[in-house]
Amino acid sequence: MARVPVLGGMPQVFQEGLEGLEHNFVTGRVEDLVKWSRARSCWPATFGLACCAIEMMATGAAHYDLARYGMEVFRASPRQADLMIVAGRVSQKMAPVLRQIYDQMMEPKWVISMGVCASSGGMFNNYAIVQGVDQIVPVDVYAPGCPPGPETLMHAILTLHESIRNGEIMRRRSTTGQGAAIDLAEFPSDQAEAL
Amino acid sequence: MTSTEVDFGADMVPPVPTTKTFEQLVLHPDRATYTQVISALRDRGYITATDLTVVDYLNHPGRSDLPEPVQPERFEVVVSLFDHIRRHRVRIRVQVPAGDPIVASLYDLYPGTEAMEREAWDLFGVVFEGHPDLTRILLPEDWVGHPLRKDEGIGSIPVQFKQAPK
Amino acid sequence: MTVSSDESTTSVTRVSPDSAERVRRRDGSAILRIPDIDTVEAVSLPTGLGTGHQDDERMILNMGPSHPSTHGVLRLLLEMEGETVLRSKPVIGYLHTGMEKTGENLTYLQGPTNVTRMDYASPLFSELAFSLATERLLGIEVPPRAIWIRMLMCELNRISSHLLFQATNGMDLGAVSMMIYGWREREEVLRFFETVTGLRMNHNYIRPGGVAADLHSGWQRDVRSLIDLIPPRLDEYEILLNDQPIFQQRLQGVGVLNPEEALALSATGPILRATGYDWDLRRDEPYLDYEKVEFDVVIGTSGDAFDRFAVRLEEIRQSLRIVEQVLDLMPEGDYRTQDKKVTPPPRGRIDESMEALIHHFKIFTEGFHVPTGEAYEAVESPRGELGCYLVSDGGPKPYRMHIRGPSFINLQTLPHLMHDRLIADAVAIISSVDPIMGEVDR
Numbered sequence: 001m002a003r004v005p006v007l008g009g010m011p012q013v014f015q016e017g018l019e020g021l022e023h024n025f026v027t028g029r030v031e032d033l034v035k036w037s038r039a040r041s042c043w044p045a046t047f048g049l050a051c052c053a054i055e056m057m058a059t060g061a062a063h064y065d066l067a068r069y070g071m072e073v074f075r076a077s078p079r080q081a082d083l084m085i086v087a088g089r090v091s092q093k094m095a096p097v098l099r100q101i102y103d104q105m106m107e108p109k110w111v112i113s114m115g116v117c118a119s120s121g122g123m124f125n126n127y128a129i130v131q132g133v134d135q136i137v138p139v140d141v142y143a144p145g146c147p148p149g150p151e152t153l154m155h156a157i158l159t160l161h162e163s164i165r166n167g168e169i170m171r172r173r174s175t176t177g178q179g180a181a182i183d184l185a186e187f188p189s190d191q192a193e194a195l
Numbered sequence: 001m002t003s004t005e006v007d008f009g010a011d012m013v014p015p016v017p018t019t020k021t022f023e024q025l026v027l028h029p030d031r032a033t034y035t036q037v038i039s040a041l042r043d044r045g046y047i048t049a050t051d052l053t054v055v056d057y058l059n060h061p062g063r064s065d066l067p068e069p070v071q072p073e074r075f076e077v078v079v080s081l082f083d084h085i086r087r088h089r090v091r092i093r094v095q096v097p098a099g100d101p102i103v104a105s106l107y108d109l110y111p112g113t114e115a116m117e118r119e120a121w122d123l124f125g126v127v128f129e130g131h132p133d134l135t136r137i138l139l140p141e142d143w144v145g146h147p148l149r150k151d152e153g154i155g156s157i158p159v160q161f162k163q164a165p166k
Numbered sequence: 001m002t003v004s005s006d007e008s009t010t011s012v013t014r015v016s017p018d019s020a021e022r023v024r025r026r027d028g029s030a031i032l033r034i035p036d037i038d039t040v041e042a043v044s045l046p047t048g049l050g051t052g053h054q055d056d057e058r059m060i061l062n063m064g065p066s067h068p069s070t071h072g073v074l075r076l077l078l079e080m081e082g083e084t085v086l087r088s089k090p091v092i093g094y095l096h097t098g099m100e101k102t103g104e105n106l107t108y109l110q111g112p113t114n115v116t117r118m119d120y121a122s123p124l125f126s127e128l129a130f131s132l133a134t135e136r137l138l139g140i141e142v143p144p145r146a147i148w149i150r151m152l153m154c155e156l157n158r159i160s161s162h163l164l165f166q167a168t169n170g171m172d173l174g175a176v177s178m179m180i181y182g183w184r185e186r187e188e189v190l191r192f193f194e195t196v197t198g199l200r201m202n203h204n205y206i207r208p209g210g211v212a213a214d215l216h217s218g219w220q221r222d223v224r225s226l227i228d229l230i231p232p233r234l235d236e237y238e239i240l241l242n243d244q245p246i247f248q249q250r251l252q253g254v255g256v257l258n259p260e261e262a263l264a265l266s267a268t269g270p271i272l273r274a275t276g277y278d279w280d281l282r283r284d285e286p287y288l289d290y291e292k293v294e295f296d297v298v299i300g301t302s303g304d305a306f307d308r309f310a311v312r313l314e315e316i317r318q319s320l321r322i323v324e325q326v327l328d329l330m331p332e333g334d335y336r337t338q339d340k341k342v343t344p345p346p347r348g349r350i351d352e353s354m355e356a357l358i359h360h361f362k363i364f365t366e367g368f369h370v371p372t373g374e375a376y377e378a379v380e381s382p383r384g385e386l387g388c389y390l391v392s393d394g395g396p397k398p399y400r401m402h403i404r405g406p407s408f409i410n411l412q413t414l415p416h417l418m419h420d421r422l423i424a425d426a427v428a429i430i431s432s433v434d435p436i437m438g439e440v441d442r
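Protein chains in written order, with this note's numbering: chain A, 1 to 195; chain B, 1 to 166; chain C, 1 to 442.
Just so you know, these hints were derived from the structure itself, not from any lab. Since we're looking at a predicted model, the values are computed, not measured. Just so you know, not all the hints are guaranteed correct.
What the simulated footprint calls covered on chain C by chain B, stretch by stretch (three residues with Cβ under 8 Å from a Cβ of chain B suffice, anywhere in the stretch; the number is not a length) [stated by the list, open to error]:
no., region
1, 188-199
2, 215-226
3, 381-390
4, 393-400
5, 404-415
6, 424-438
To give an idea of the interface, some chain C residues facing chain B are shown, with a C-beta separation under 10 Å as derived from the structure [stated by the list, open to error]:
no., residue
7, V23
8, E83
9, L86
10, K89
11, R136
12, E260
13, E366
14, H369
15, R442
C-beta atoms are modelled at their ideal positions from N, C-alpha and C, and glycine is treated no differently.
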């Protein structure tokens, strides 16, 4: 095996046999590894509806990069997606389509309700808009804003990732029986990590 | 907006009452001569129909900008035409009664009015006779009612604020 | 592709209304006219649609409303024979928000918050059309600085909207790197918007009476940096896309429209200009102060998707030219009219003057009253002629507010553009028409 010269002498990773064991393996509990991989490769489904979709695309673009969280692949097929970011206002005609796409996603799946129109109907309290997408699908994180800037969306995504990683989201779901219902407005960003 | 001094409503046969709103010419034909007037305007050079919409005057206190021979009705179909050569716009307002909300379709003259008329039917319930496909375009196909009419409410639900005292 | 000069008479040719035969037919040769609900049964049929053809390969394919082409919630029913699209039907309404009904319940000062969310890629234009119509009804004059600020912001918004088009057009054709580049420039423009208006999108900045706030000190430096930044990047896009054989083969000759057909279908904007028809509302029916700036109107030659792409790319350069002139010619003065019944007083004055307090209260709770009448004002948005038709009954809220959304009208060209083309071109054609569904469905 080739030896790579490193300052300070022979690197321990190249020791053969069982002496290098503690440097070449990572151990952990299965649950932690599963949660870690779920959080770190959460692929969103393309569900951009209105203005929030533009901000979602901006979050995926170069400046506010979502690829650093493993999320730059927006899967078009809901069967391949984990996360549905409902970005925009849901009209009465769109509601059955939304439910159909949610049903096609494989477990475990999460929903971020992006923007006030998706969270509560927003400024459109009228005949045409569903007053909150949580009437149709169980929502895990609500991100307020009209539209929420890319930083707010990233805060929502990171909150979701944290709560996936420490199991919080599954606990909340089993207590309420529906979505985790984490309202981003209640958690300032420095406390999101503690969730 | 630029305008020319042409008032050709008077020299149409039969003459069409015209008014001017902010220097823009507005014609008020009645339903029977509507298509004829639009066709005459198209031949004059108004090659494109920019807009077609309906206004429901149910709750309006009273329109003061209608000329004398025109009887105000509940619905009004408002068509905007544009002559690019003379750079002149003209607006046509037709009164449509509530009990018989039927008016001729402009599809044969201006195919671009197809979607605009469908939207007017969808939101107001005004029927455009001769339209190739008068079905709902914005609302679900099984929706009941015409939401932009003034006697239909906005459909809002009361908002519950979390911190509000019960 | 040529540019036409802005002076003297337009070179608008006299078109004969009868030559747009293809789009006038009633037999539905390009437009599929079937009800939406029945298509579930039609799609599940193995062959044929009862058209009399026994074992042809016709089927109806449902594309959308949630599909990867990033143009919002547009659903297309495509009647196809093999891979060729024969007839199609765009089904819209998946984003219908009842904005025209909502507009009747909001005051004139709140109106721009509603209309701004219609065309969410170029929100300032919708606000501008609404404000112009309100000001026409009120009969007030807007100060010159407000007019020039509006022109500056609208042209920058045109730039950001066309960059969004470049990005989504590239991505729909598979040039995914174009998506990243387009957003990169757009972020710079949005940063300027955030500094001036406070928001990246849906600004609610252009209000009846003027604009909401003055430009910040140092705005010339920011605009100058945008003017220096964007043209070299546009040259990069041209190197990447225009001369590339793949791009040319995918877009040239695809989705051809001639000027007569476009006018018959009431299409406006880059779609009309790409057919070779020389028409731009900024030059031909000037609003704001567009007659005081020099710019060229970009027209195409063949009306295909490539021309629509190239027209929009060149329009970014022309908008930058306008922005540079506005930078030099911006007048001093008020940024909104001083009419106390229309414009809210500055916040500091409320503590000092009783009248200011009362005006503030009345404007924000009840709203200012607008005299009875009707008005139609049109502006040239990045998608075409955006018009606002307002009917007022003398009260503080519009009696009827109708927005002529250019994308709604331009979508009517879609079946004719896709007729007899392959399905792989359908995505390219939709993205070259550049619809924004918020404006389509309102």
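Consistency of the hints with the structure:
| no. | hint | verdict |
| --- | --- | --- |
| 1 | 188-199 | violated (count 0) |
| 2 | 215-226 | violated (count 0) |
| 3 | 381-390 | holds (count 3) |
| 4 | 393-400 | holds (count 4) |
| 5 | 404-415 | holds (count 5) |
| 6 | 424-438 | violated (count 0) |
| 7 | V23 | 5 Å, holds |
| 8 | E83 | 26 Å, violated |
| 9 | L86 | 17 Å, violated |
| 10 | K89 | 9 Å, holds |
| 11 | R136 | 6 Å, holds |
| 12 | E260 | 9 Å, holds |
| 13 | E366 | 17 Å, violated |
| 14 | H369 | 12 Å, violated |
| 15 | R442 | 8 Å, holds |
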